[in-house]
Amino acid sequence: LSGQLDDHSCKPDYEACVQLLSTVLDNLGRKDVGPTRGHIQLIMERLLRRSGEELALLLSSLLENLLAYRTITQDGSPEHRMSCTVNVLNFYKEKKREDIYIRYLYKLRDLHLDCENYTEAAYTLLLHAELLEWSDKPCAPHLIPRDGEYMWTQQELKERLFQEIIGYLDKGKMWEKAIELDKQLAKMHETHMFDFMELSQLLKNQAKFFENIMHAMRPQPEYFAVGYYGLGFPSCSPNKRFIYRGKEYEWLEDFTQKLLSQFPNAVRMTSTAPPGDNICNSPGQYIQSFTVKPVLEVPPQFKDKGVPEQILNYYRTNEVDQFQYSRPFRKGEKDPDNEFATMWIERTTYVCAYHFPGILKWFEVKSVSVEEISPLENAIETMEKTNEKLSNLVQQQAYDRSLSVNPLSMMLNGIVDPAVMGGFSNYEKAFFTDTYIQDHPGDHERIEALKHLIALQIPLLEEGIRIHGEKATEQLKPLHNHLVTCFQDLREKVEALYGVITLPCSLTEKKKSRVGSVVMPYILSSTLRRMSTASTLSSASSGLSSGSASSDGHSLDDRRASVLSRSEDDNRIDRKNRKEWSVSKSQVLLERLSDTEENSPDKQQRPKSLQLGDRRLTLSLFHGVSSQLSLSNPLSPLPASPNTPHTPRSSSYSSLLGDNGANTIDTPGTPPPMPPKKHLHEIDNPGIASEHFTPPLPMKIESKPPPPPPKTRKSMFPS
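Residue 348 in my numbering sits at position 348 of the sequence shown; the count goes up by one each step and never skips.
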C-alpha cells in the first residue's frame, strides 16, 4: 500500500489517484482485517495533503459504505446484506468504476437467488446487460463476469445475459417483461443475425408467455409501508420510510413478524399516523408497518379500450412507484342517523425513488403528500368502485357459466335490498337535501355526478338479475324473486328521480377471435361514466305520475311488471341460442346479437347473403325479443324454373306467426314446407297455367348396372 501511494502521490492525474484508492480500499474491505486506522492514517498523509476537501468527502463516503458492508456480511439477515451491497455498487457506479460495479452486481444477484427473488435477480442482471451494445466489438475484460473465461463480443455476451434474464423473469411470472426482452432478441435474429431457427424458438417462447398471461394463475403481491423510527437502528435506516413488495401470499402479519425477527428489541407501533419527535429522537427502535395500495397507471395504448382483466392486473401491482393509504376520520359532531355526512378520508400518497419491481424488494420513500377527501367525494369514489366491480362480475358470470353464482347473489342482494346495506338512501339523506345544497353551493357538479352514478347502476343491476335468474337453482329461486321485487321498486324510484341510463353494446360485447376464443374486456369506472348516456326522466317531465308513456314507447309500469317474465323468457331464449353449430361448408356459427342491436328500431333490417362454395346461404334478421340469425340452406340441387313461383328460404318474424297469432317459429336451419301441388284441371284459368303450375320433380329411377355378357364355352370357338 505504501509503495502504491508513493507512486501516485506525485502524479497530477487526480482521477488515477482516486481509482487506485478505491481499488485498494475495496481489496482491504474484502479481507478479514479490513481497513485499519493505520491504513487510513497512511492514506490521509500521502494523498489528502494534495487532493483537498473533495477527495476527503469521497473517502469518507467510501469508507463508510465499505465498513458497513464488511460488518453486515457477518449478519444473518440477507435483507441487510442486500441493502449494503446496493449502497456500495451505487457508489462505484457514480465514480464510473464499472469493474467493481459489475462485481457487486453479481454479489447482489446471488443474494436474490438464495432467497428465490427471481424477479429482482433478473432486474439486477439487466443492469449489466445495459452496459453492452448490440455490436461485434470485443468486450473489455472488466465487462466479462469472472465466471466466464471465453472472450465474448458485446453482442454475444448481451444475448447470453438476456437469455438468463428471461429465464429468471419466467420463474418470477413476469411474462410481460420477458416478452419485451424476447422481442429485442427476435428482432436481432431476424434482421441482423439471420438465425431463423433461433428466431422460431424465441417466437415459441413469446407464444407461451402470452398464453400464461391469459390463463396461468398469478397472485398479486401486497405492498407494505414500513417506518424505522428511533436512533437505535443502523445508520442506513433511522427515521426513514420504505415501501416493501411482499412475496406471493404474504400478508401483513407474516411480513411484520419477519421484520420484528430481524430487530428483536424493536417495538411495533399500532398507529399508522406519523410519530412525534419523542419517538424519532429516542434511543430505542420503533417499527411501523401497514398495507398500502399501488396506484394504477394505465399505459397509453390501453386507455379508453376494452382490455381483458388479465392484462390490466399486471399493471395494478407492477410498473408502479406511487402508493396510497386512506384513513377515515370525522369532522364535526357525529350524526347518529347518518354517519356518511361527517365521514372524511385522509389519503396519504407515497412516492418511491424507483419503480417496482427492481433490484430490491423495497425502496425508500422520497416524497409524501396528504389530502383530505370530503364525504361527498368519498361517496362518488365508492359508487364508482361498486359499479366497476358489479359490471365486471356480471361479465364474468355471463362468460363462464361454470362459475358459482353466490358472489353475484351476495352483491345484488347488498345493493337492491335496503335492509342489507342501507342502499343509496344514506347518500340522499346526506347530500341531496335542500339544506346541504344551500350550505355547499360549490358541490353542484359533484352532486350531479353522484346522481348519474346511481342511475348508472340500474342497467348493470338489470343485467345482473337476468343472469342470476338463468343460473339460479331451486334453492335460490326465493332469493331471486325477492331480488326482482326489490329491483322493481328501486328502478321505479331511480328512473323517476335521476333519469334513465343507456349503455352501448360495445361495453358488454365479447370479441370472438379467429380461433374461437372469447376476449372479455375489463370495464373501468371511467369508461362506464364516459360511455353511458342519460335521458332525463323526471316525474315532472316524463309524466310518470300521471301514467303517461316514456320516450321508448313503453310505460314504466309495463317495464316493472315484465321484469320477472322477461327474465324467464330470456332464460328460455338463451338456452336456445347457446346451441353450438360447427363450421363446415353448409353451416355457419350463429352468434346472438346483443339486445341493444336487436331491438334498435332505427336499424334497417334486410336479408344478407353469404356465398360459401357452391351453396348460397341467406341470413335474415328477425325483430323482437327472440331476435337471432336464421340459416336457410337451399337443399335442392335442381335450379328453379323461371316460371316457378319463388319459395322464400327465409321469412320475416311476422310471417312466421299463424293467423291466430301463435308462434310457429321452427328451429334454425329447417326449410319451409313445399307449396301444395295442383293438377291441371284444378286451375281456374288454363291460360295462365304455365305461370302458376309447378312442374313435378323428376321421378327417381333406380340405376342398375348392365347385365354381364353371356358365358361362352371353349368348344363354341372354331379351332
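Derived from the structure by calculation, the hints contain no laboratory data.
Among the hints, a few may not be true.
Now the in silico label distances, taken between C-beta atoms and shown as ranges [unchecked claim]:
{"hint": "1", "residue 1": "Asp304", "residue 2": "Met269", "range": "36 to 44 Å"}
{"hint": "2", "residue 1": "Ile345", "residue 2": "Pro300", "range": "50 to 58 Å"}
{"hint": "3", "residue 1": "Glu190", "residue 2": "Pro300", "range": "37 to 45 Å"}
{"hint": "4", "residue 1": "Glu116", "residue 2": "Leu312", "range": "41 to 49 Å"}
{"hint": "5", "residue 1": "Asn90", "residue 2": "Asp335", "range": "28 to 36 Å"}
{"hint": "6", "residue 1": "Asp434", "residue 2": "Phe210", "range": "51 to 59 Å"}
{"hint": "7", "residue 1": "Met214", "residue 2": "Glu364", "range": "49 to 57 Å"}
{"hint": "8", "residue 1": "Lys247", "residue 2": "Ala129", "range": "43 to 51 Å"}
{"hint": "9", "residue 1": "Ser326", "residue 2": "Trp251", "range": "45 to 53 Å"}
Below, a list of computed lysine-lysine pairs in the DSS-like style, where the Cα atoms sit at most 27 Å apart [stated by the list, open to error]:
{"hint": "10", "residue 1": "Lys107", "residue 2": "Lys240"}
{"hint": "11", "residue 1": "Lys305", "residue 2": "Lys385"}
{"hint": "12", "residue 1": "Lys366", "residue 2": "Lys96"}
{"hint": "13", "residue 1": "Lys331", "residue 2": "Lys429"}
{"hint": "14", "residue 1": "Lys331", "residue 2": "Lys303"}
{"hint": "15", "residue 1": "Lys171", "residue 2": "Lys240"}
{"hint": "16", "residue 1": "Lys93", "residue 2": "Lys366"}
{"hint": "17", "residue 1": "Lys208", "residue 2": "Lys93"}
{"hint": "18", "residue 1": "Lys137", "residue 2": "Lys171"}
{"hint": "19", "residue 1": "Lys247", "residue 2": "Lys258"}
{"hint": "20", "residue 1": "Lys240", "residue 2": "Lys173"}
{"hint": "21", "residue 1": "Lys187", "residue 2": "Lys137"}
{"hint": "22", "residue 1": "Lys173", "residue 2": "Lys331"}
{"hint": "23", "residue 1": "Lys389", "residue 2": "Lys477"}
{"hint": "24", "residue 1": "Lys258", "residue 2": "Lys366"}
{"hint": "25", "residue 1": "Lys183", "residue 2": "Lys305"}
{"hint": "26", "residue 1": "Lys173", "residue 2": "Lys334"}
Every value quoted in this text rests on a predicted model; they were computed, and no experiment measured them.
Glycine residues also receive a C-beta, built at the ideal position from the N, C-alpha and C atoms.
query = In ascending order, which of the hints set out earlier in this document are inconsistent with the structure?
reply = 2, 3, 4, 5, 7, 8, 9, 14, 15, 17, 18, 20, 22, 26
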